[in-house]
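Listed below, chain by chain, are the residues.
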Amino acid sequence: MDYIVEMLSITKRFPGILANDDISIRLRKGEILALLGENGAGKSTLMSILFGLYKADSGTIRLRGKEVHVSNPNVAGELGIGMVHQHFKLVQNFTVTENIVLGLEPIKGLVVDLKSAARRIKELSETYGLNVDPYAKIEDITVGMQQRVEILKMLYRNAEVLIFDEPTGVLTPQEIDDLMAIMRNLIGEGKSILLITHKLKEIKAIADRCTVIRRGKVIGTVDVADTDEAKMAEMMVGRAVSFSVDKAPRESGEVVLDISGLNVLSGRKTQAVKDLSLQVRYGEILGLAGVDGNGQTELVEALTGLRKTQSGTIRLKGVDVTHATVRARILSGMAHIPEDRQRRGLVLDYSMEDNLVLEVYGLPPFSHGGFLDRKAIRAHADKLMEDFDVRAGEGSLAVARSLSGGNQQKAIVGREIDHDPDVLIAVQPTRGLDVGSIEYIHKRLVEQRDRGKAVLLVSLELDEIMDLSDRIAVMSHGSIVGIVDPKSVTEADVGLMMTGVSREIAKKGEDK
Amino acid sequence: MKGLRDLFTALAAVILGLLAGAVLMLAIGANPLEGFSYLFRGGLMNIERIGNTLATATTLTLTGLAMAFAFRTGLFSIGAPGQMLMGGLVATVIGLSLHLPKWEMLTVILLAAMIAGSIWGFIPGYLKARFNVHEVVSTIMLNWIAYWTVYYVIPAHFKANLETESARIPDYASLKVPWLTEMFKGSFINLGVFAAIVAAVVISIILNKTVLGYELKAVGFNRTAAEFAGINVPMNMALSLGISGALAGLAGATFYVGYAVNMQIGVMPSQGMDAIAVALLGANSPLGVVLAALFFGVLHSGKGFMNAMTGIPPEIGDTIIAIIIYFAATSVLFTRLFDGLRARFRRGQ
Numbered sequence: 139m140d141y142i143v144e145m146l147s148i149t150k151r152f153p154g155i156l157a158n159d160d161i162s163i164r165l166r167k168g169e170i171l172a173l174l175g176e177n178g179a180g181k182s183t184l185m186s187i188l189f190g191l192y193k194a195d196s197g198t199i200r201l202r203g204k205e206v207h208v209s210n211p212n213v214a215g216e217l218g219i220g221m222v223h224q225h226f227k228l229v230q231n232f233t234v235t236e237n238i239v240l241g242l243e244p245i246k247g248l249v250v251d252l253k254s255a256a257r258r259i260k261e262l263s264e265t266y267g268l269n270v271d272p273y274a275k276i277e278d279i280t281v282g283m284q285q286r287v288e289i290l291k292m293l294y295r296n297a298e299v300l301i302f303d304e305p306t307g308v309l310t311p312q313e314i315d316d317l318m319a320i321m322r323n324l325i326g327e328g329k330s331i332l333l334i335t336h337k338l339k340e341i342k343a344i345a346d347r348c349t350v351i352r353r354g355k356v357i358g359t360v361d362v363a364d365t366d367e368a369k370m371a372e373m374m375v376g377r378a379v380s381f382s383v384d385k386a387p388r389e390s391g392e393v394v395l396d397i398s399g400l401n402v403l404s405g406r407k408t409q410a411v412k413d414l415s416l417q418v419r420y421g422e423i424l425g426l427a428g429v430d431g432n433g434q435t436e437l438v439e440a441l442t443g444l445r446k447t448q449s450g451t452i453r454l455k456g457v458d459v460t461h462a463t464v465r466a467r468i469l470s471g472m473a474h475i476p477e478d479r480q481r482r483g484l485v486l487d488y489s490m491e492d493n494l495v496l497e498v499y500g501l502p503p504f505s506h507g508g509f510l511d512r513k514a515i516r517a518h519a520d521k522l523m524e525d526f527d528v529r530a531g532e533g534s535l536a537v538a539r540s541l542s543g544g545n546q547q548k549a550i551v552g553r554e555i556d557h558d559p560d561v562l563i564a565v566q567p568t569r570g571l572d573v574g575s576i577e578y579i580h581k582r583l584v585e586q587r588d589r590g591k592a593v594l595l596v597s598l599e600l601d602e603i604m605d606l607s608d609r610i611a612v613m614s615h616g617s618i619v620g621i622v623d624p625k626s627v628t629e630a631d632v633g634l635m636m637t638g639v640s641r642e643i644a645k646k647g648e649d650k
Numbered sequence: 005m006k007g008l009r010d011l012f013t014a015l016a017a018v019i020l021g022l023l024a025g026a027v028l029m030l031a032i033g034a035n036p037l038e039g040f041s042y043l044f045r046g047g048l049m050n051i052e053r054i055g056n057t058l059a060t061a062t063t064l065t066l067t068g069l070a071m072a073f074a075f076r077t078g079l080f081s082i083g084a085p086g087q088m089l090m091g092g093l094v095a096t097v098i099g100l101s102l103h104l105p106k107w108e109m110l111t112v113i114l115l116a117a118m119i120a121g122s123i124w125g126f127i128p129g130y131l132k133a134r135f136n137v138h139e140v141v142s143t144i145m146l147n148w149i150a151y152w153t154v155y156y157v158i159p160a161h162f163k164a165n166l167e168t169e170s171a172r173i174p175d176y177a178s179l180k181v182p183w184l185t186e187m188f189k190g191s192f193i194n195l196g197v198f199a200a201i202v203a204a205v206v207i208s209i210i211l212n213k214t215v216l217g218y219e220l221k222a223v224g225f226n227r228t229a230a231e232f233a234g235i236n237v238p239m240n241m242a243l244s245l246g247i248s249g250a251l252a253g254l255a256g257a258t259f260y261v262g263y264a265v266n267m268q269i270g271v272m273p274s275q276g277m278d279a280i281a282v283a284l285l286g287a288n289s290p291l292g293v294v295l296a297a298l299f300f301g302v303l304h305s306g307k308g309f310m311n312a313m314t315g316i317p318p319e320i321g322d323t324i325i326a327i328i329i330y331f332a333a334t335s336v337l338f339t340r341l342f343d344g345l346r347a348r349f350r351r352g353q
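Just so you know, the sequences run in chain order A and B. Per my numbering, the first sequence runs over residues 139 to 650. Per my numbering, the second sequence runs over residues 5 to 353.
If you are wondering where the hints come from, they were derived from the structure by calculation, not from laboratory data.
Over 12 angstroms on every C-beta distance to chain B, these chain A residues come out as not near it, computed from the model:
| hint | residue |
| --- | --- |
| 1 | G326 |
| 2 | R347 |
| 3 | R377 |
| 4 | S404 |
| 5 | K407 |
| 6 | V457 |
| 7 | D520 |
| 8 | S542 |
| 9 | Y578 |
| 10 | R609 |
So the derived label-pair ranges between C-beta atoms look like this:
| hint | chain 1 | residue 1 | chain 2 | residue 2 | range |
| --- | --- | --- | --- | --- | --- |
| 11 | B | T228 | A | K275 | 24 to 34 angstroms |
| 12 | A | A274 | B | T339 | 38 to 48 angstroms |
| 13 | A | A466 | B | M277 | 40 to 50 angstroms |
| 14 | A | V229 | B | R346 | 36 to 46 angstroms |
From the three backbone atoms N, C-alpha and C, an ideal C-beta is built for every residue, glycine too.
Start from the sequences and build out the full structure, keeping to the hints where you can.
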């Protein structure tokens, strides 16, 4: 068999953990090999070794059958290995061409020869169906386009092996389809692709083979055509996983959160939320769908008190809280699972027990007369960590930084639900988590709804929105373009609405 | 674990600083063993010198605590010199204007010095909270405002014979008390040493046991998470700098109406800047600050003796302190070394 990349018996140890334990993967020329594994399974470490960011403790890397030593990313580049990172590495106010040539600028006399570079980029773009304008500025083009610029960067450097690290997280459903088509073009032109992902559906749709990694070890490699999503999920987690969310229908109740005519400015002083009105009711999960950057972040920040509003009102349980402090909103029944758990949700240098009282440390029983009650705080943490299955080496005394992403998120979810909120604003509650944790968190959100509480679920994952929501509000360009019943629309309908073009579909699926 | 690592880091910085000092002594042709022996004897050889070391460490402990407290809230205040000056000025003014029984007098002086210092700390705190003025800039400016205020007020209203210093602080307004002075055979030691110990204990309690400390540290570690939790971030920053200022104001009182007998004009107190080193070496923990202040106290009071006995310039003492600061500031190197050694030790087992 003709392998282009072979990583054989790779072992990499970090203090305290064996990140890669005798891992071998083989990429055939002209195929898409998916690398599937939970967070912390060792996928990123393995790819970092291939890309020259880490050095393996033992094991060999072979390229076209010949052993190579990838000592740094420049060597990887010379060997024809390129990587599209999860977070793009682009200069915002440079053009596409300037970004692509950065580091190997073609020189003509004393000046950079951008013209010939742009011509070559245009050619490449046409060959692979990328449709990128070499003279556009990065800040003016969509996220999907920016990703194509990253792909062009690799192609411009004549990469033969392309690594995609979680490439679809930031894309709309339409853009995901386009990306799949691009990947097929790349394969058609003889490139080989390593795809790191936790989205089983995408593996099924595009990959040829799939290598599953669990706790640093290879569990197996399967031909995607001969397997199904459930089988792959089981290999990844080590037990059977249920995909469908059990959710009995129920009547929603009174309005608990009433937003009317809300206007909010973004950090860059652009109108992020425009004249937005929305009502969330007791006993429902209201899903807020939308492409990243359409005002969801600003809306949530305005609702929770982290951002000032320009005009409009926010009523919580009938009380106007438009100008209330964050603390006042928390105390009157609002909880918030923030988008960025490490930046907003946790004080990473605090112990878990301190983090689990982040909003209530000042209230009895956690403090009396201005002094903290350590015993009560610890008991609280022990209980929450057990209830929500948060695993940490040193239990409640573990520093938050030392926990895995999934455990950090479970801790936040536990803390917020423990406040027994009337309305829980959950933003991307399962971002970057493995299927086991996702299943668990989904169950908890539905439980909250079944207890008659309200959940406002803001997510970029359409699957999640479709599965969990009782109603879906679609947001585009700062406004709600429609509210639909998930049972009467398809994912594609919602995807189209997210682009803001079609109100027809909204009519088709309008509930009552 | 963290405590052990901090201790390792601090000791490594001190040892490397002393080694560098030894190299310098060799370079000027002196015998380092002799030099160090006189340096430490100068700080510790008899009860009077120990008293002087303690008196030096008193002021350094208080300014060090002031720095450490601000650092813990994520604020790089360098306002301790100005806050010391304002605390010292108010203490001097009261000492030379009021006439009360000694204990009442001292209570008034210490409280007033703390209030003066805390106002001088609260101003940059407020500017930071309200207008996002960087605390480094505003504290430096306030240092100079304090400097020139002293420069004007003392000669204009409180001088005796010389233009450059205030009149002598009367005994009833001085932190020096006869029993303590006699116990340490006439050294500069004064009641400030107890104030410093109490302050270290109080700050330790605030940081570790109280709701206030929880909030301040949360703001210091992660401002956005503190905001998310509903903690009033601007108010906490202003409060933190206010408390920090109160400590530095207290340091000013222990220096100008305790250690010294009058207030000189035109001097920016070096203890305010040395405090950064004390806080760094003490890893921003109250106990660490006390230990670091004692160590620097020894160096400060011993360097003159070393110079007198060996001809090694006293600046070598200052150089050692400076080098220790460098090593303490690059402590991440030692932290890595410590973790590496520990990992190797574990694997070896």
